[in-house]
Amino acid sequence: MKIGCIGELNENIAHDVPATALYLARAELDVSFFGIATAEAGKNKLTEEGVNIDLLHDATLEKFFSKEPVEGIKSSLIQFDYIYVTGKILSLMNADGRRELVKVLNDLRSSGTKVIFDSNHKIAEWSENSCAAKAYSEILSITDISLPNYEEEALLFDDKSIAGLISRHHKLGVSEIALKNGVEPNWLSTKPKKPPKEFPLESIEQTAGRTGAGDAFNAAYIATRLSGESYCRSIKKGQIHAAKIVRNADPFLAR
6 MKIGCIGELN ENIAHDVPAT ALYLARAELD VSFFGIATAE AGKNKLTEEG
56 VNIDLLHDAT LEKFFSKEPV EGIKSSLIQF DYIYVTGKIL SLMNADGRRE
106 LVKVLNDLRS SGTKVIFDSN HKIAEWSENS CAAKAYSEIL SITDISLPNY
156 EEEALLFDDK SIAGLISRHH KLGVSEIALK NGVEPNWLST KPKKPPKEFP
206 LESIEQTAGR TGAGDAFNAA YIATRLSGES YCRSIKKGQI HAAKIVRNAD
256 PFLAR
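Residues 6 to 260 (our numbering) are what the sequence shown spells out, left to right.
Since the hints were made in silico from the structure, they are not lab data.
Only true hints are included.
Calculated lysine to aspartate or glutamate pairs in the DMTMM-like style (CA-CA distance at most 20 angstroms, straight line):
| # | residue 1 | residue 2 |
| --- | --- | --- |
| 1 | Lys7 | Asp86 |
| 2 | Lys176 | Asp149 |
| 3 | Lys139 | Glu157 |
| 4 | Lys199 | Asp164 |
| 5 | Lys79 | Asp101 |
| 6 | Lys202 | Asp149 |
| 7 | Lys139 | Asp164 |
| 8 | Lys93 | Glu105 |
| 9 | Lys165 | Glu189 |
| 10 | Lys93 | Glu130 |
Keep in mind that this is a model prediction, so the values were computed, not measured.
Construct the entire structure; sequences and hints are all you get.
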């Protein structure tokens, strides 16, 4: 099972796609990082952990997806069974670049590739909320597994409830939704006509912060699902991994 993680690799690999890619590699998945690199230290760390970086490029992500021939991008990504994307990457692109990415991913899905998306929304990374909402909705329309954060998306889309957010994702075409909600329970939905299932969190007496917990949850959930285990088992594994981050003063867990 091969997974391609699309993103920007800089000196901070403890957050967003680089962190998730690293955790996936530790779970012994075949992981490649596709996109741009702006720091050698990040390259070295991912290589040490077993992440393939042959598809990294020295260009801005915006220019890469706007100018690189679409067929070239597609030929690089067609090898993957799953492709992981977050809203961070979308915020670095212009509208043309985002359209190219959605087109490529949509074409790949017709060949059997599955798309995994976490908006990982940060207000400061977007010039306008409407641009972020449009970009997320477009990519959710071609997403198989979404890993949203309720606090982040409810603020952007004015979702009035967890059920409302999940319904919005299903209406866009997402079939599998594993929702994060800070220190509140996780929720899972794979059937639009049935109520989502709640997964309470274990009590954590000491917390050092939540930064990076979402990336850890995503990696553990994805790795467990791709290994063929159940949805419920995958949620639990995600919770356990995220809890380690919350208890640790360093948002990036050493091996």
